[in-house]
Amino acid sequence: AQSVTQPDIHITVSEGASLELRCNYSYGATPYLFWYVQSPGQGLQLLLKYFSGDTLVQGIKGFEAEFKRSQSSFNLRKPSVHWSDAAEYFCAVRLDQAGTALIFGKGTTLSVSS
Amino acid sequence: GAVVSQHPSWVICKSGTSVKIECRSLDFQATTMFWYRQFPKQSLMLMATSNEGSKATYEQGVEKDKFLINHASLTLSTLTVTSAHPEDSSFYICSAPVGTQRQFFGPGTRLTVL
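Chains as they are written, first to last, in my numbering: chain Y, 6 to 119; chain W, 128 to 241.
There may be inaccurate statements among the hints.
With a Cα cut of at most 25 Å, we get these calculated DSS-like pairs of lysine-lysine [said to hold, decoys possible]:
hint, chain 1, residue 1, chain 2, residue 2
1, W, Lys168, Y, Lys111
2, Y, Lys54, Y, Lys66
3, Y, Lys54, Y, Lys111
4, W, Lys147, W, Lys168
5, W, Lys182, W, Lys141
6, W, Lys168, W, Lys193
7, W, Lys193, W, Lys182
8, Y, Lys66, W, Lys147
9, Y, Lys54, W, Lys182
It is worth saying that the hints were derived from the structure and are not from the lab.
Remember, it's a predicted structure, so these values are computed and weren't measured experimentally.
Pulled out of the complex, with its shape left as it was, chain Y reads as follows (with noise of 0.2 Å):
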């Protein structure tokens, strides 16, 4: 079965210092590839997503993400943290079908300390 995994439950990391959080997806082909944010009390906002083509991937808030095939892997990366990223970061996958529902992973929250 299709699973994604998300290693760390709980990060860290004091502002203005480089962010990963690591996504690993269990799958016979690639999927599509999504990283969401999640901030108290709102609801799921798209960061960035993989279908194809470049392998490292640009999204919103200067985050980015690199699908590493080899390692099954697409983990999101930011060069300098803020404090207003103190949220739960999910990582996403899709099966290659149109309409199908997404498999998150269990999720990373994020603390940012000062």
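For chain Y, the structure is supplied; the task is to place chain W on it using the hints.
Chain W alone, transformed into the frame defined by chain Y:
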């Protein structure tokens, strides 16, 4: 961009009562909508796929008689939690795919059953 709304945003009810949650696509038509459930500090878990004009498809372990889904129009899907119990307290989120690449999420409904 496409917008998905949910109503209510939060609801508190007594055990044994039924609660209806609406999910609307505001500026596009959605023949398919997805209902997810998110427990505190947990990931989103797909509950069911709502199909306009036909029966919903439920994920394994989700009681279809307890979580009634109706998708009567191309812009509205409803989830009714029947005879709600405290263990049904959760954050319920709907989403709707647009085309083959995008999926838009509603802001979620916080259900608390006393």
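>> Flag every earlier hint the structure violates by its number, smallest first.
In response: Going through the list in order, the structure violates hints 5, 8 and 9 and respects the others.
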